[in-house]
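If you want the building blocks of each chain, they are given just below.
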Amino acid sequence: MLKHLRPAFVSMGLFTVLLGLAYPLAITGVAQAAFPQQANGSLVHDRHGQVVGSELIGQVFAKAEYLHGRPSAAGNGYDASASSGSNMGPLNDKLIEREKTDAAALRAEFHGAAIPADAVTTSGSGLDPDISPAYARLQAPRIAAARNAPRGEVLGMIEAAVKPPLLGFIGQPRVNVLDVNRALDARFPMVG
Amino acid sequence: MNWQGWAEIALTLGLAVGIGWPLGVYMSRVWNGERTWLDPVLGPVERLFYAACGVDPRKGQTWIGYAGALLAFNAVGFFLVYGLLRLQGVLPLNPQGFAGLSPHLAFNTAVSFVTNTNWQSYGGETTMSTLSQMLVLTVQNFVSAATGAAIAAALARGFLASKGEDVGNFWSDVIRTTLWVLLPLCVVVALVLVALGVPQTLAAGVTAHTLEGGDQKISLFATASQLAVKQLGINGGGIFNANSAHPFENPTPLTNLITAVSINVLGWAAFFAFGRSVLAKKDVRALVVAAMVLLSAGAAAIYVTETQAPPAQVAAHVDTSVNMEGKEVRFGAPSTAVWAAMTTGASNGSVNGMHSSLMPLGGGVTMFLMQLGEILPGGIGSGVAIMVVMALLAVFVAGLMVGRTPEYLGKKIEAREIQFSMLAVLVIPLFMLGFAAVAAILPEALKGLMHAGPHGLSEILYAYVSGTANNGSAFAGLTANAPWWNVTLGLAMMFGRFAPIVAVLAIAGALAAKPKLAPTAGAMPTDGGLFVGLLIGVILILGGLQFFPALALGPIVEHFQALAFVASSH
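In order, the protein sequences belong to chains A and B.
Letter by letter, the first sequence follows residues 1 to 192 of the working numbering.
Letter by letter, the second sequence follows residues 1 to 570 of the working numbering.
Calculated directly from the structure, the hints in this document are not laboratory data.
Only a predicted model underlies this, so the values are computations on that prediction, with no experimental measurement involved.
Backbone N, C-alpha and C define an ideal beta-carbon position, used for all residues, glycine too.
Where hints are given, some of them may not hold.
Stated by the list, open to error - A few chain B positions that, by computed beta-carbon distances, are all more than 12 Å from chain A:
id	residue
1	P103
2	A146
3	P454
4	T520
Claimed, not checked - Using C-beta positions, here's what the derived DEER-type ranges look like:
id	chain 1	residue 1	chain 2	residue 2	range
5	A	R187	B	H570	37 to 47 Å
6	B	D215	A	A33	51 to 61 Å
7	B	M422	A	L5	53 to 63 Å
8	A	M190	B	L202	46 to 56 Å
9	A	E159	B	W3	33 to 43 Å
10	A	A113	B	R285	48 to 58 Å
11	A	A113	B	M1	42 to 52 Å
12	A	R187	B	V41	51 to 61 Å
13	B	A452	A	M190	42 to 52 Å
14	A	R47	B	L38	21 to 31 Å
15	A	G75	B	P525	30 to 40 Å
16	A	L5	B	L38	36 to 46 Å
17	B	L442	A	A113	31 to 41 Å
18	A	E109	B	A452	42 to 52 Å
Stated by the list, open to error - Here's a subset of chain B near chain A, in silico, CB distances under 10 Å, partners left out:
id	residue
19	H104
20	E459
21	P483
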């Protein structure tokens, strides 16, 4: 065993320098030079250069004029420094109660329309940036009313934002909530 | 379920094995010291390692020497990780300002990353500094994977040797696998992932002022470099708490495809490398077919369960076509199902949707795939090694039936090989079921549970199954950062890793000492459909008989509860 100690210590030391410092730092250098937007978290800015979020990370939307995302189990909701799913089992009482309550509220809001599953379930990360196209379309009338905008145009913006599955079968169709809301603010700004 | 879903699942599984094949040829060349096109760049680095370590790479080791070197290397890794994590608070590159880890959490995490398990009792973005993620976790992600690959290389030499005692040189195997296989692949995959949206920065994060006027603190890391090796090294420990469900670790369906394929590609490559190295490509192809049949069945089963009506969605009268709790919209059922099978069939443990929220039988399948011993295709090298152990048991069973000494890949299989094979496969249920049984009646352990009833038992069982199998995924309702869980899971990971490794190396040593036999007409063919069927039978009986009672009390009871609930809600 003792004769193995020198190679064990020395190789672990060299590996630490090579794999723990040189490798991540080299990747960081290349990434920052070649893909600065992605490497820094795909951040999006407002007109004043202020960071308003990341294109990849969902955020809380509760106002009527915005497209709303899914319920979130990350911190107090969309806490991007504490990602988490609910981890509730399929028969968890709290899960069943939460979904029932949320679904009843949504049915009242949308006049008894069919509710898509993503509207009442939390995502694995708690930071899901997307919702299903069905849930997005459902919200168009509310947004149009709140913004005093033509319903058809709001719906058109949502349709334009639908990302299809890759090659038609990899992944699911989806709508990025922050993208649509930024477009809405630009096209139909809230007065005051 | 729809054709798109099935096509995505088939493509993902197929790409992994399809790319694994040529990579396996390359891996075998690396193990055998043959020439490769990277030699001009990596040769000098390799020679620097040997010179600094004082090692002659051409000098072979007996199996005991090989095992001693492997254990010494991993012991040094353990103490290094433990020390660095305890001292995290006073070390540099800690823009998050995180404190050092508690002794039991540092112990658990050190064992976890050294054993290629990557069980995480902590949340990444709330516990680990940038330095710890890079210097501690990334390094072990590489070298623990290379350690697994080394045992397959040693086992191959055991089969190939005739009346020898040399199973190769551990230092050469671990250094060459790291430099030639893992590092170049990780560089390529990491850069592709950055281009597709995965962050790579030394900054700790930014605070965004959201459209509705709130503040959102967004954590960032040097994510892509660690993510690449987390997947390719079959490690699975998330940079972020939500692992590969987190949009920074997995922003799009394309990154999902790339990182899912990465979970299995080197596991398959090690199968093909083993086959090329022992000059038995056809026999190893049979092992691949057996593993692929079981893995595909697992993926299909999870896709089916995740598209059954989920109780909560039935009660809420919303769409019930897909169980969406714990899933990301961009992935849905097919991406999550195939990932869940691939991550538990390999000893990866990363998740792109939460396993605790899977339908009861879907969660049960993920547990069952781990209980089969992490051979579908398992970790790099460790997977094919345990699969060969299963094959030894299969030829032994066949030999008992016809009353003839069994042979496998030109070696007589006798008492010693079977004893060590049984040791390798019996350690696994001992720690999985033994600890789970104790935890199920211990108040100290039960405090960590989120659920009562069958789902609570599943949380316990999943934790020890995952730890012992060196998988690392979880029914994450369990709060595992407590002394009981950290210590017992640490022990389960340690014995679940090193007991089978030592057994496999002992088998390699015993085989090396035997003469290589020419194939005879009397030996059972081990490259055809009959053997594939026999092997699948042995794997299922070992997994099924040992674990069925425990699964019956967890996921299976919960399945019938769910059926009853759905029936009463209509």
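Results for each hint:
no., hint, result
1, P103, "holds (22 Å)"
2, A146, "violated (9 Å)"
3, P454, "violated (8 Å)"
4, T520, "holds (41 Å)"
5, A:R187 with B:H570: 37 to 47 Å, "holds (44 Å)"
6, B:D215 with A:A33: 51 to 61 Å, "violated (30 Å)"
7, B:M422 with A:L5: 53 to 63 Å, "violated (32 Å)"
8, A:M190 with B:L202: 46 to 56 Å, "violated (38 Å)"
9, A:E159 with B:W3: 33 to 43 Å, "violated (24 Å)"
10, A:A113 with B:R285: 48 to 58 Å, "holds (54 Å)"
11, A:A113 with B:M1: 42 to 52 Å, "violated (25 Å)"
12, A:R187 with B:V41: 51 to 61 Å, "holds (53 Å)"
13, B:A452 with A:M190: 42 to 52 Å, "holds (47 Å)"
14, A:R47 with B:L38: 21 to 31 Å, "violated (49 Å)"
15, A:G75 with B:P525: 30 to 40 Å, "violated (59 Å)"
16, A:L5 with B:L38: 36 to 46 Å, "violated (30 Å)"
17, B:L442 with A:A113: 31 to 41 Å, "violated (49 Å)"
18, A:E109 with B:A452: 42 to 52 Å, "violated (34 Å)"
19, H104, "violated (22 Å)"
20, E459, "holds (8 Å)"
21, P483, "violated (22 Å)"
Of the numbered hints stated above, those contradicted by the structure are hints 2, 3, 6, 7, 8, 9, 11, 14, 15, 16, 17, 18, 19 and 21, listed in ascending order.
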